[in-house]
Amino acid sequence: MSINLEVFGFGFAPISNRAFMALSVVADLVSTLRYLNRGIIDTRPVSVYPILCELRMHIAAVRMGWTREDSGQKSQL
Numbered sequence: 021m022s023i024n025l026e027v028f029g030f031g032f033a034p035i036s037n038r039a040f041m042a043l044s045v046v047a048d049l050v051s052t053l054r055y056l057n058r059g060i061i062d063t064r065p066v067s068v069y070p071i072l073c074e075l076r077m078h079i080a081a082v083r084m085g086w087t088r089e090d091s092g093q094k095s096q097l
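The numbering used here puts the sequence shown at residues 21 to 97.
Quick caveat, the hints were computed from the structure, so don't treat them as lab data.
None of these values were measured; they are calculated from a predicted model.
We put the beta carbon where it would ideally sit given N, CA and C, even for glycine.
Don't take each hint at face value.
[Unchecked claim] Taking CB as the label site, the calculated pair distances span: (1) Met-41 / Ile-71: 11 to 21 Å; (2) Gly-85 / Leu-53: 25 to 35 Å; (3) Ala-42 / Ala-81: 15 to 25 Å.
Go ahead and model the full structure; you've got the sequences and the hints to work with.
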C-alpha cells in the first residue's frame, strides 16, 4: 500500500508505509539528538531538522486525508 505525499508543495508522489516509517524514525532520531545535544544541529550552516519536520508534517497530514487547499476542512485524497 502506498500513499501520496505532497513534497514541499511541488505535487504529489507515492510513498509506501515502510518509507513513511523510516522517515518518522529519522525525524524522531534527529529530534531526540537535538534535544539531548542542544546547539550541535542548530549551529550548522544548513540544518536538516526543519526539512525533516516539514516533511513529517506533510506525511502526517496526507495520511489523515488533509491537503493545503482544504482550509481546515477534511477531505479524502
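A quick look at each hint next to the structure:
no., hint, result
1, Met-41 / Ile-71: 11 to 21 Å, "holds (18 Å)"
2, Gly-85 / Leu-53: 25 to 35 Å, "holds (31 Å)"
3, Ala-42 / Ala-81: 15 to 25 Å, "holds (18 Å)"
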